[in-house]
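Quick note on the working numbering: the sequence shown kicks off at 9 and runs consecutively.
If you're looking for bench data, these hints aren't it; they were derived computationally from the structure.
Misleading hints may appear alongside valid ones.
What the hints assert, rightly or not - Think about it this way: if two alpha-carbon atoms lie no more than 20 angstroms apart in a straight line, the pair counts; the simulated SDA-like pairs of lysine to any residue are:
| id | residue 1 | residue 2 |
| --- | --- | --- |
| 1 | 117 | 187 |
| 2 | 117 | 260 |
| 3 | 117 | 44 |
What the hints assert, rightly or not - Label-pair ranges, simulated between beta-carbon atoms:
| id | residue 1 | residue 2 | range |
| --- | --- | --- | --- |
| 4 | 312 | 279 | 20 to 28 angstroms |
| 5 | 273 | 44 | 48 to 56 angstroms |
| 6 | 41 | 277 | 47 to 55 angstroms |
| 7 | 231 | 278 | 23 to 31 angstroms |
| 8 | 79 | 196 | 37 to 45 angstroms |
| 9 | 82 | 120 | 29 to 37 angstroms |
Glycine included, C-beta positions come from ideal geometry on N, C-alpha and C.
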Amino acid sequence: MSAQSAPAAAGGAEPSASPRVGRIIDRLLACARILPPGFAWWLGGVLGDAFGRLPMRDQGRARAHLARAFPERGRFWIERTARASFRHVGRMALATLATLHRDAHGLRKGVLVEGAEHMRALLAATRRGEGTVCFTGHFGNWELFARIGGAMIPLTVVGRRLRNPLADHLVQGARTRSGARLLYQDSPIRAFVNELRGGRMLAVLIDQDIPRLPGAFVPWFGIPAHTPTGPAGLALLTGAAVQPAFLYRRDGRWVLHAGPRRRFPRTGNRDADAAAITAWATAYEEALVRRHPEQWVWWHRRWHTQAAQAVPAPGPEVRKSGSPEVGGSAVPPV
Numbered sequence: 009m010s011a012q013s014a015p016a017a018a019g020g021a022e023p024s025a026s027p028r029v030g031r032i033i034d035r036l037l038a039c040a041r042i043l044p045p046g047f048a049w050w051l052g053g054v055l056g057d058a059f060g061r062l063p064m065r066d067q068g069r070a071r072a073h074l075a076r077a078f079p080e081r082g083r084f085w086i087e088r089t090a091r092a093s094f095r096h097v098g099r100m101a102l103a104t105l106a107t108l109h110r111d112a113h114g115l116r117k118g119v120l121v122e123g124a125e126h127m128r129a130l131l132a133a134t135r136r137g138e139g140t141v142c143f144t145g146h147f148g149n150w151e152l153f154a155r156i157g158g159a160m161i162p163l164t165v166v167g168r169r170l171r172n173p174l175a176d177h178l179v180q181g182a183r184t185r186s187g188a189r190l191l192y193q194d195s196p197i198r199a200f201v202n203e204l205r206g207g208r209m210l211a212v213l214i215d216q217d218i219p220r221l222p223g224a225f226v227p228w229f230g231i232p233a234h235t236p237t238g239p240a241g242l243a244l245l246t247g248a249a250v251q252p253a254f255l256y257r258r259d260g261r262w263v264l265h266a267g268p269r270r271r272f273p274r275t276g277n278r279d280a281d282a283a284a285i286t287a288w289a290t291a292y293e294e295a296l297v298r299r300h301p302e303q304w305v306w307w308h309r310r311w312h313t314q315a316a317q318a319v320p321a322p323g324p325e326v327r328k329s330g331s332p333e334v335g336g337s338a339v340p341p342v
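Between the sequences and the hints, there should be enough to build the whole structure, so can you do that?
What follows is the structure, encoded as C-alpha cells:
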C-alpha cells in the first residue's frame with residue numbers, strides 16, 4: 009500500500025491523507041526501512057529507556073499506577089518495571105516502523121501460538137461465516153497483532169481518530185497493510201453489525217478509560233475502572249461470540265495468544281449482560297498483564313473516571329498450562 013493511499017475502510021467514507029502528509033509519511037518510512045529489525049529493536053529500547061528516566065508526568069504516573077496495582081511490590085521493582093514498560097513501547101514502535109515494508113505472511117512465520125485449540129475454533133467459525141468480537145488491549149504488540157491477524161483471518165480493527173493527521177494515517181495505515189479493514193469508533197453502528205454478520209472478527213481495544221463512551225465500572229487489578237461496554241453490546245445485539253486475543257513477547261519470541269471462544273447467556277438485562285462480558289474480558293487481560301507487567305501502558309489514566317459503586321466480577325486464575333481462565337459470569341447492573 010502506498011503511504012499516500014487511505015487505509016482500507018469498512019463502512020462510511022474515509023478521509024484520505026493530503027499530498028503533503030503523504031510525502032512526509034513516505035520520507036519517514038524510507039528512513040525506517042534502512043534500519044535492520046534487530047538494530048531497530050535495540051535502538052527503540054535505548055530511546056524508550058532514556059525517555060522512561062525523564063522526570064515528566066507520564067513517567068511519574070506509570071510508577072504511581074504500578075504501585076497501586078501491585079501494592080505488595082517494593083520501590084525497586086516498581087522503578088524497574090516502569091522503565092521496562094517505556095523500553096518495551098520504544099522497541100515496539102521503532103521495530104514496527106522498520107518492518108512496515110515487510111510482508112505480514114513472512115512476519116507471522118516466527119510467531120508462536122498459545123491456545124491453539126481456541127485459534128482453531130476461531131478459524132472454523134470464520135469459515136462458517138460466524139462473526140466474532142475480539143477483545144484485545146494495549147498489551148504486548150497490538151500493532152503487529154493487527155498486521156498478522158489481517159494476514160490470517162478476515163479482520164476488522166476498530167480505532168479512534170488521532171488528532172494529528174500524520175500520526176492517524178501512519179498508525180491506521182500500518183494496521184491495514186496486510187488486508188485488515190478499519191472502522192473508527194464514531195462509525196455508524198450498522199457498519200459494525202455488518203462486519204460481524206459478514207463473518208469477520210472485529211478487534212477492539214477495551215483497556216482504556218474513555219468517559220465519552222458508554223461503559224461499566226469493572227475491576228482492573230482490584231480497583232473499579234470505567235471500561236467501554238459497546239463491544240459487548242454488539243456481541244449481544246448480533247449473537248456473535250466473544251474471544252480474547254493478544255500478541256506479546258516471551259523469551260525473545262512473539263506469541264499469539266488466543267483465549268476461549270464464548271457466548272454469554274442473556275438474562276434480559278442488557279446492561280448487566282454487557283457488564284458481565286466486559287468484566288470477563290478485562291479480568292482475562294489482567295491475568296496476562298500480571299505475568300508480563302512491563303508490556304502494558306502504565307502511564308494511561310486507567311482509573312481516571314471514578315465510580316460510586318464498583319461492579320463485582322470474578323478474579324483471574326492462571327492454569328498450570330499457562331492459559332488464563334476466568335470463572336463465573338454474573339455481574340450485577342451498575
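Outcome of the hint check:
1. 117 to 187: holds, 17 angstroms
2. 117 to 260: holds, 14 angstroms
3. 117 to 44: Given pair residue 117, residue 44 holds - Cα atoms ~18 angstroms apart, limit 20 angstroms.
4. 312 to 279: 20 to 28 angstroms: Between residue 312 and residue 279, where Cβ atoms are some 22 angstroms apart, the hint holds.
5. 273 to 44: 48 to 56 angstroms: holds, 51 angstroms
6. 41 to 277: 47 to 55 angstroms: holds, 52 angstroms
7. 231 to 278: 23 to 31 angstroms: Once the Cβ atoms are compared, 25 angstroms apart, the range 23 to 31 angstroms for residue 278 and residue 231 holds.
8. 79 to 196: 37 to 45 angstroms: About 43 angstroms separates the Cβ atoms of residue 79 and residue 196, which means 37 to 45 angstroms holds.
9. 82 to 120: 29 to 37 angstroms: holds, 32 angstroms
This entry satisfies every hint, going by the numbered hints stated previously.
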